[in-house]
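Asker: Protein sequence lines, in the order shown, are assigned to chains A and B. Note that the first sequence covers residues 1 to 209 in my numbering. Note that the second sequence covers residues 1 to 153 in my numbering.
Honestly, the hints are just simulated from the structure, not real lab data. Take the hints with a grain of salt, since some may be wrong.
Calculated cross-link-like contacts (lysine-lysine; reagent style DSSO-like; alpha-carbon spacing at most 30 Å) [as the list claims (entries may be wrong)]:
#: 1; chain 1: B; residue 1: 147; chain 2: A; residue 2: 36
#: 2; chain 1: A; residue 1: 195; chain 2: A; residue 2: 206
#: 3; chain 1: A; residue 1: 36; chain 2: A; residue 2: 118
#: 4; chain 1: A; residue 1: 135; chain 2: A; residue 2: 118
#: 5; chain 1: A; residue 1: 161; chain 2: A; residue 2: 195
#: 6; chain 1: B; residue 1: 147; chain 2: A; residue 2: 118
#: 7; chain 1: A; residue 1: 118; chain 2: B; residue 2: 67
#: 8; chain 1: A; residue 1: 195; chain 2: A; residue 2: 207
#: 9; chain 1: A; residue 1: 36; chain 2: B; residue 2: 67
#: 10; chain 1: B; residue 1: 147; chain 2: B; residue 2: 67
Quantities reported herein were computed from a predicted structural model and do not represent experimental measurements.
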Amino acid sequence: MTLPWSPVIWLDVFGSAIIMILALLCCRRAWGLTAKREGDTFRYYLYLLTLTFSFFAISRSVGHLVKQLLLLQGMGSLWQLIAPFSGSINTAAFITVFAFSLYFYRSYRVHLELEAHKNRLEELVVRRTAALAEKNAELAEALAEVKTLSGFLPICASCKKIRDDDGYWNQLEGYIRDHAGVEFSHSICPDCSAKLYPELHREEGKKNQ
Amino acid sequence: MGRGKIRSGRFCLTALLLPFLLPLLLTTPAWAVQTHGGAEGLVSHQIGHLLLFSAMVILLIRQRRFKMRGAGWHYFRVFLWLIILWNILTFTGHWLREGVEMDRFVRSNTHITAFRVEGLYDLIFYLTRLEHLLLVPAFFCLLIAVKRWDTAS
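Chain B on its own, in the form it takes in the complex (with noise of 0.2 Å):
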């Protein structure tokens, strides 16, 4: 094949794409690329949050099929369900955050001092905030679990 043939085979594939290729490059930027503000932060910490949560079910699923049952292990299920209560404290918790009025907050300069509890909501936020009393426990339990499994060891 001479190179005159192959020149112009290669112009007909430029006339060719041509049509198509330059109003890529004339066109103004269209921003597709999605943006993740607002309340996607919370949309996608709350969907962790149901991770979390299938992730300790499924724990608690499969050491039952397999029947764990030796040292540890009933530290871990108590762990477990620790993280699940908690999950569902914190799940409830950033959601009752949207919607508490400003002004249950007492302030002192910047400072928050207080919160004006006026009904059930407002209980049920202010008891979501002490969700250590739970997550603390549970890492308690984690601990000693380890600790079985090594001694078992």
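Pulled out of the complex, with its shape left as it was, chain A reads as follows (with noise of 0.2 Å):
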């Protein structure tokens, strides 16, 4: 049986400049994959990985197209020198691919644990934000009675109370204690103990006489 050898030129040839386009896509998309999350480790693995295999597809076709190439051209004698050159660089390409292969399962464990400890951090910052949001608040509404304190208080010139914002008039104790915590301890002034008790500063007066 005879078979006809220009299926296997042409599917050389042809086959050839499709891995070669092929490869070419891959290197592009690849950088597209790593140019997106540029600190993503396996990413990065995978664009090298990826043209550790561009590598092996092109630096073979390059080899097979030349080969076709100058055999058409009647150049058998010039592929003898080339050969050994395209062969090595295709049997390096082969080592690369190997090698990168082996980075793969680390590159892979890297990567999950960035992401644990990624994972774990954010979840840090949500809940530190939720208690700073919290702590703001308190805050704000400690803040917001200082103000109140600190602004004008309409006070009745003769019983001293204060109307609030409700438009109730309180005690200016009971007010005061609300709006600063202040608690109030009663007691008698020199000055109202004479008004209240003038018969106890009487006797006092002729004691010290």
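Join these two chains into a complex; the hints should help.
Answerer: If you want it as structure tokens, here you go:
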């Protein structure tokens, strides 16, 4: 049985050309993959792995195309000179792919650990942000109360009651206790004591004389 | 320490080393550097194929271990399997090429026009020459895999 050799040649030429185009498209896509998330180590690894596959494909395709071109031109002797270099580059590409494949495990493990750390940090940030927001609300409320006391207070000129925001008149002590957290202990000053208990002051005056 | 003592020390050292150094200067080239001709090129290339085969197997095992089932990984696995098959095919083809009789190639001037198949050996060799039927789909799958990874991001 005799089989035609032309399918071998045409498949070699067109196959090599198509593979070269596909490998270049892979490189372009892989670059886009890593450019979207620059800090992602595993995406960068996948980009490099795709590059090594593309290096293998392109080096091989170029060799095959040059070979067919030279053989068609009747320059077989020139191909004999080039062939060892082409084959060696191809072998080097195999070794490069092998070397990169060894790092798949480590690279993915590092990626998973980094993702776990990142997720923990994000959770922590969410929790801390919520706590800060709560604290901020408390501080804002306290500040509002401080502002109430530091602003103008409508006070009765006679009985000294204070009018609040709702229009109610409150005892001075009660108002300040509610808005400033101050507790009062009741006592009598000397002037009021003299007014309220004059007999007591008269006795004390005699003793002093 | 005086200069005279230093000089006499150097002299003694040279006198001691000279019997060992002199033969190195007087020898003819031994051509000890290993050559890489002949079948070594084929052997090293075949080792390269074995390494590539191992790389594909490693990647498949790692993927299975990490249960990577997201977008693109299915196509990447198909790519790896196709490269494994291509590897086996070309590895076989390289070995068979060494044993193919030259009269099997029908030539017109210097160009090969046909191949005479006179047994299973010849037929397998002919089929190994059609390796691109595996390699083109393989790289097509790789492109889809990378595209899916990109789209998923």
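Asker: Please go over all the hints and tell whether each is borne out by the structure.
Answerer: Against the structure, the hints come out as follows:
1. B/147 - A/36: holds (13 Å)
2. A/195 - A/206: Answer holds: residue 195 of chain A to residue 206 of chain A is near 17 Å, not above 30 Å.
3. A/36 - A/118: Satisfied, since the Cα-Cα distance of roughly 18 Å is no more than 30 Å.
4. A/135 - A/118: holds (25 Å)
5. A/161 - A/195: Within the cut-off at roughly 21 Å; holds.
6. B/147 - A/118: Given pair residue 147 of chain B, residue 118 of chain A holds - Cα atoms ~26 Å apart, limit 30 Å.
7. A/118 - B/67: Status holds; Cα separation ~21 Å.
8. A/195 - A/207: Holds - the C-alpha atoms of residue 207 of chain A and residue 195 of chain A are around 19 Å apart, at most 30 Å.
9. A/36 - B/67: Given that 30 Å is the threshold and the Cα spacing comes to 24 Å, the pair holds.
10. B/147 - B/67: Roughly 20 Å between the alpha carbons, so the hint for residue 147 of chain B and residue 67 of chain B holds.
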